[in-house]
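Order-wise, the sequence lines are chains A and B.
Just so we're aligned, residue 27 is where the first sequence starts under this note's numbering, counting upward by one.
Just so we're aligned, residue 58 is where the second sequence starts under this note's numbering, counting upward by one.
Where hints are given, some of them may not hold.
Some chain B residues close to chain A (C-beta under 8 Å, calculated; not the full set) [what the hints assert, rightly or not]:
{"#": "1", "residue": "Ile63"}
{"#": "2", "residue": "Ser68"}
{"#": "3", "residue": "Glu69"}
{"#": "4", "residue": "Val72"}
{"#": "5", "residue": "Phe84"}
{"#": "6", "residue": "Ser129"}
{"#": "7", "residue": "Thr180"}
{"#": "8", "residue": "Ser186"}
{"#": "9", "residue": "Arg194"}
{"#": "10", "residue": "Gly196"}
Computed Cβ-Cβ distance ranges for the label pairs, DEER-style [to be verified]:
{"#": "11", "chain 1": "A", "residue 1": "Ala123", "chain 2": "B", "residue 2": "Ala90", "range": "50 to 58 Å"}
{"#": "12", "chain 1": "A", "residue 1": "Glu60", "chain 2": "B", "residue 2": "Val72", "range": "46 to 54 Å"}
{"#": "13", "chain 1": "B", "residue 1": "Asp147", "chain 2": "A", "residue 2": "Thr176", "range": "29 to 37 Å"}
Note that these hints are calculated values from the structure, not bench results.
These numbers were taken from a predicted model, which means no experiment stands behind them.
Even for Gly, the Cβ is constructed at its ideal location relative to N, Cα and C.
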Amino acid sequence: MTTPSDVRIAALEAQDRGPWEPLWRGYQSFYEVELPPAVTETAFARMLDPAEPTHGALAWQGERAVGLVHFIEHRTNWSIADTCYLQDLFVAPHVRAAGIGRRLISHVYDFAAARGCARVYWLTQETNAGARRLYDAVAERSGFIQYRWTPPRT
Amino acid sequence: MTEIVIRPLASEDKVAWAPLWSAYQHFYGVDLAPVSERVFARLTDPAEAMFGALAWRGETAVGLVHFLAHRSTWSAADVCYLQDLYVAPDGRGAGVGGALIDFVYAAADRQGWAEVYWLTHETNTAARSLYDRIAERTGFLHYMRPAK
């Protein structure tokens with residue numbers, strides 16, 4: 027049985043590419059997307075680049091990476107300070123319900139507090155009942171829903 | 058009816074913009090007065106990835122839109138967050154909101170942004186009847202927590 031205290035959260039580093047990739051793929055499978063390899067390369071490179079507002083962290087259980095979180099600082103018109111968008115969160119299926127997701131979110135909260143971000147926010151599928159139980163415990167559902175338009179590509 | 062023209066927000070538009078920005082805040086029950094100077098400065102600063110436009114009927118500004126570009130791990134290109142949209146009550150039902158959103162779509166095409174997205178309150182049925190025609194509801198819900 028895994029307990030959160032067995033788990034260590036650490037910022038993503040260059041040598042983490044191997045352990046990170048299967049988690050990133052597992053996350054994409056959950057959302058039924060398959061991002062092009064070039065997007066994965068770019069995302070990973072940006073998370074390692076200190077000049078970028080894109081950040082990542084992994085949850086480690088001993089030598090095994092068992093969860094990931096990716097987050098992005100960006101401007102907002104509602105505060106002078108930037109806001110922090112927690113874009114991606116994934117915990118490997120065999121270690122779920124052990125508090126790892128909560129630890130990853132806490133890592134982002136700590137980061138945002140240290141950076142002076144006005145907020146941390148994220149979006150989740152309304153049908154994702156398991157995740158929403160956690161989110162309802164650690165955050166506030168605002169009542170806002172997302173709309174999207176994708177430009178036609180020629 | 059006088060034609061609606063959408064124009065990028067310019068430094069000289071502050072007086073026309075301010076009452077729309079105030080009314081928008083009133084709609085959402087928030088007071089952003091302490092940040093408004095900075096917001097306007099950023100929206101009109103070419104070095105910022107923040108943009109605004111006003112809808113004009115003759116000499117009167119009847120609507121605003123604010124949008125910004127930010128990184129995404131799902132695309133190499135940035136995505137566009139349409140953060141604020143407001144149409145004055147006497148300008149509603151005349152296609153002003155749709156024209157403002159079209160302005161953002163055109164900007165996204167030019168800039169090569171991967172997508173345009175926005176958030177709206179689930180109870181905002183009037184706005185949603187427009188959004189359901191011109192965009193896709195993703196099924197995603199917004200959660201937030203103020204930083205410590």
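* Any hints from earlier that this structure breaks? Give me their numbers in increasing order, please. => 1, 2, 3, 4, 5, 8, 11
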